[in-house]
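Chains as they are written, first to last, in my numbering: chain A, 1 to 366; chain B, 1 to 366; chain C, 1 to 366; chain D, 1 to 366.
If you are wondering where the hints come from, they were derived from the structure by calculation, not from laboratory data. Any given hint could turn out to be false.
Copies of one chain are not kept apart here, so a pair can be met inside one copy or by any two copies together.
[As the list claims (entries may be wrong)] Mimicking EDC-like on lysine to aspartate or glutamate, the simulated pairs with C-alpha atoms at most 16 Å apart in a straight line are:
{"#": "1", "residue 1": "309", "residue 2": "319"}
{"#": "2", "residue 1": "21", "residue 2": "66"}
{"#": "3", "residue 1": "21", "residue 2": "38"}
{"#": "4", "residue 1": "143", "residue 2": "359"}
{"#": "5", "residue 1": "323", "residue 2": "40"}
{"#": "6", "residue 1": "309", "residue 2": "275"}
{"#": "7", "residue 1": "168", "residue 2": "196"}
{"#": "8", "residue 1": "360", "residue 2": "112"}
{"#": "9", "residue 1": "168", "residue 2": "112"}
{"#": "10", "residue 1": "21", "residue 2": "73"}
{"#": "11", "residue 1": "21", "residue 2": "196"}
{"#": "12", "residue 1": "75", "residue 2": "112"}
{"#": "13", "residue 1": "75", "residue 2": "359"}
{"#": "14", "residue 1": "168", "residue 2": "188"}
{"#": "15", "residue 1": "49", "residue 2": "196"}
{"#": "16", "residue 1": "54", "residue 2": "196"}
{"#": "17", "residue 1": "313", "residue 2": "192"}
There are 4 protein chains.
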Amino acid sequence: MAGSSFGNIFKITTWGESHGKGIGVVVDGCPAGLPLCEEDIQAFLNRRKPGQSKFTTPRQEGDQVEILSGVFEGKTTGTPISMVVFNQDQKSRDYSEIASYYRPGHADYTFDAKYGFQDYRGGGRSSGRETIGRVAGGAIAVKLLNSMGIDFLTYSKSIGPVTCSPDKFNADFILQNPLYMPDEEAAERAQDYLEECLATKNSSGGVVECIVTGLPVGLGDPVFEKLNANLAKAIFSIGAVKGFEIGDGFDVATATGLSNNDPFCITADGSISKETNHSGGTLGGMSDGSPLILRAAFKPTPSIAALQKTVNKSNEEIDISIKGRHDPIIVPRAVVVIETMTAVTILDALLMNMGARLDKIQEFYK
Amino acid sequence: MAGSSFGNIFKITTWGESHGKGIGVVVDGCPAGLPLCEEDIQAFLNRRKPGQSKFTTPRQEGDQVEILSGVFEGKTTGTPISMVVFNQDQKSRDYSEIASYYRPGHADYTFDAKYGFQDYRGGGRSSGRETIGRVAGGAIAVKLLNSMGIDFLTYSKSIGPVTCSPDKFNADFILQNPLYMPDEEAAERAQDYLEECLATKNSSGGVVECIVTGLPVGLGDPVFEKLNANLAKAIFSIGAVKGFEIGDGFDVATATGLSNNDPFCITADGSISKETNHSGGTLGGMSDGSPLILRAAFKPTPSIAALQKTVNKSNEEIDISIKGRHDPIIVPRAVVVIETMTAVTILDALLMNMGARLDKIQEFYK
Amino acid sequence: MAGSSFGNIFKITTWGESHGKGIGVVVDGCPAGLPLCEEDIQAFLNRRKPGQSKFTTPRQEGDQVEILSGVFEGKTTGTPISMVVFNQDQKSRDYSEIASYYRPGHADYTFDAKYGFQDYRGGGRSSGRETIGRVAGGAIAVKLLNSMGIDFLTYSKSIGPVTCSPDKFNADFILQNPLYMPDEEAAERAQDYLEECLATKNSSGGVVECIVTGLPVGLGDPVFEKLNANLAKAIFSIGAVKGFEIGDGFDVATATGLSNNDPFCITADGSISKETNHSGGTLGGMSDGSPLILRAAFKPTPSIAALQKTVNKSNEEIDISIKGRHDPIIVPRAVVVIETMTAVTILDALLMNMGARLDKIQEFYK
Amino acid sequence: MAGSSFGNIFKITTWGESHGKGIGVVVDGCPAGLPLCEEDIQAFLNRRKPGQSKFTTPRQEGDQVEILSGVFEGKTTGTPISMVVFNQDQKSRDYSEIASYYRPGHADYTFDAKYGFQDYRGGGRSSGRETIGRVAGGAIAVKLLNSMGIDFLTYSKSIGPVTCSPDKFNADFILQNPLYMPDEEAAERAQDYLEECLATKNSSGGVVECIVTGLPVGLGDPVFEKLNANLAKAIFSIGAVKGFEIGDGFDVATATGLSNNDPFCITADGSISKETNHSGGTLGGMSDGSPLILRAAFKPTPSIAALQKTVNKSNEEIDISIKGRHDPIIVPRAVVVIETMTAVTILDALLMNMGARLDKIQEFYK
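Chain A on its own, in the form it takes in the complex (with noise of 0.2 Å):
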């Protein structure tokens, strides 16, 4: 049903299926006067393109986005911003078999349980080209947050059983690898793991990591709308995620109180601080002004080459091996888009927040 909205102020609405005609998002909300222009937004969705690399699939799409509205001699109105990429590379190609059976760990059988049948063209509307209209309107977030200040760091954490060393972190190296990872070394060792899995006819999954600095403190409300469980929320909603941390996540469980309590400093300049980080830039659901750090963890694509046992849609057990072009891994592609989700819940919470107290209120409207 209407799930294809998020955020309060600043909203993005998603449309569109993998096969269809296109695949677009409406932004509304965004406040009047940021410059914008396509290129904006092309640069983030050349993050989760496909065909760059042999590790992503090797379906051909420029994926090029076209702005439709919200947009006035090169600023934006306040108005929604309409924006599309149409899909080219559709191939028209035999779709009965896929029809006729459900794909173990993709949604075709809920889909169909749900709605009583499904676009079964390439995934429909659960495709990972669902997440461009999400990179396309997180890219005006992040372009917004980074105006004031607030900057975004996100890479591949771990891709199988490869984790990056912080003693290597390189953020430089991150955009310089197609796996988009910190630490070189990983990241060739990465490479041959996701061989491996290729020639297997397997896939892998992985850990993206988001960090983001400048945010000021108090963004996010006390109970249900805490700044944690929006960016929960948000990240959670993409696809073939199954986990998602703040700060130490589930290492919290076996620390105790005086490791994991952050002890508040004062800073050089005078200001307050916290001299670690456990809580990962969030205290009592609201920003605290340390460094924002969470975590998702992806499940292997689905999409396997190897054989696997299914039923089809006349309720027979059937062995079935998924062709087509498919990732060995979602990961390093979904990097922009835990980013620009990321980049969405913040900046919403940052309107939201506008309201708090009256003091500040009277001086916005004298």
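We have chain A; now place chains B, C and D onto it with these hints.
Just chains B, C and D, lined up with the frame of chain A:
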């Protein structure tokens, strides 16, 4: 700002502070015709009540709930159900010390930054007592779902370093021990560990797991309103949660497609099922008919008696030792909070799902 | 279903039935720092209290409000403000007759059809007492807006055939007569008319007008969230309202562009204003700096002692005469309901508007 | 700000400016299984298309709609339906004059004040062309409701001083005259009146009426989400609407309880009905089974060629005469906008209503 409501059709709005007059909830959108009385709610509140063992705060609260509206002749009427628990044990002690500094791991600092000042008595709105409203509201959701064959099993999966073993899982034991663990041996070791924490004026984290059975297939929507996304928000909106997983959770990051995919199969009665349940009961964001399995990681109670460093409101670094009534662990009392928030999320998805198919709508209104 | 909340950032959630334990409201999203006490609220509730003249129901209710949360040391904290008015005069009389049939002009029939049964005691949730929650919540909005120079003037514009004359408008007189009319002569004639209604066991309709001054320009959004659209919903959500107008209202249908357009002009202080105010204070759905003027038409009280035809729940046509305590007119007590619902709508628009421009956002967070 | 979405479960999100690349809508939450093609939508758009008579702007627009997503093999899939109408006749004329001043009765001034600047080409987002998205989205709602036996009859009730007579009501005539009036004689007089308006470079207001039959009893919720309240918002969100009524509307103000109450009666088939329909089809905010009757008052087109006074952006008072392509009356083209916005509101209420009763929910999921 406005962040005290959760849900779309079935919606809870909570209010109240730790040391104010009381804590309450308004449940809006509860279907008419559910038999309901205060005892139904009380049974759930008793599971989170303080003072039940040495591992919970000795604060004495009856936590007696009153239903003020929405029930007539023993049944819900479809109108809002207002419930209140009046606070009893608000010690009128001296708060001047606690009001003077920012407690590490607490929301004092972020509250001050956001709102200009805070209710420093016992954590105010960020106190664990805030969850009373959630539990009272969610108890109704559990009861309603139970009437439809949907059942909940929720327990402490781990406490500090002690994890329950699947081999020793005993559902009946859960309500028979103050830690709500399903493994008797683990429960003993966990108690030893907590004794140690108390002795060292320290505290412990842990993990809660919730299993939901009997769900129809298709609850949740494909994109932003995925069932798992709303569960992530629901659970992450609970104070002290730092991680959330569904099914295999973070383990999927090191899995392969072949090991992680759940093959579909035909059951003895001819219906479609999954051979395994790595997915934890959702596919493409919709319930898949298998048990829903989720886990949340809780950080250690930040209020500890051990000496800690922090800053006061005069911007000076100081050492503190927090006195007062605090649980050495949040997890056991959080078990019922996880269960009820899960129920609220599922019931809302179940109501939202009724408009998914035209044929079913036409039949409904025939 | 869920329909007891109004507003986005500043949000009121009301609950309670006419003959239940009480009536209340949770105000979420109130900015922190507003001085607030129960007397502030009580002053508004007293304007809608029954038993104040022979033209209101003789039901005796103190309608004393209690604030249960959200205020600390005399100021709002930014957390939800829960308020309750406990019912006192719920006569435990025999409801068997009224429970047996559907009263014309009431919600008995539709309630039964929707929910399967209803709380028939005094109208239950559809009673006029439901507005207590609106008035208590809206009183906070009025107080906050007053602190920003935004003022409200609300009164009975007409009662039955008696309309106040603009020439005899006396704002001071409004609170000095039980009908809340601004025209002394009209008030006298209206009282005569109502005496006549009482004598004939009949009732009267009327019109309420509200004027808001001091609004900043630009509140409301261009399309669905127009300020006038939200005001229309707010006012039409009040029971018994059958018509709503802004500015010249229905008269614009017979006007021409030349007569209806308000020319812009430059005022003595050099700012832009309008020479006339046919628009009633909005242009394109946004406040235009002129006074906001709205009107609502209320139907006559449906509960009348005169003989009426209806059907009972055994599907038989019967004649009834409704006994009990009823106002011969709703309008005077509805004046404060119109005012407070208008205030809630405006305050929400004022908070939503803060994120409209990037330059102002950047300045806010500097 | 975010204000371009309407509805809860069935939700439309519109975008686009008068002189931008196009106008569109995303329909989210449309139930799966509705047969749908572009011709279904086009039939509705043609009713609001310009250039059809001398009383509408001569702007030439084919207003051809394209469906970009959400329909597969001729049926809706339950996923968002994105539709677009590309603008064709955006004359690249000189806007420097119109950009220099504030047009009376338009949103130029309020837009500038709110957003800091505006898209001055043809009214931008506040143009009547914005309603294309509403009509395209609402056409789907009408089609779906028709499939359930719910029908719409919408027409111009009055134009300027000319009102249709109930005695001469001819439903078939509505689509046979460019003014969409149901009374042939009135239509002739209205045309004469509009000729006169054109000759004097002036414009006219009018009233649209919409009648909906076949509604089930109980749609809408008792308090803030009354069916009439949401209809009021839906209709008042249409530009140029200044008044809204249900049933007897403003006439109730001078009625008495005895004359205004609709007696319930038993119909020939034994079901409950009302003898009269002063209420216009709602009681207590819920549909009562009688025809829903609503009316909206539209102001005269503010763009007139006659000389008007206003101010320019240099804060000088000037005289202007607006050139360009403008309708001398909005009403006839607004008829289909009223119908489709009414349909969107009703369909959403119909979907929200499905969760009202536990017994029906249990049966639905059996």
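| request: Just pull the numbers of the violated hints for me, sorted ascending. | output: Violated hints (numbers, rising): 5, 7, 9, 11, 15, 17; every other hint is consistent with the structure.
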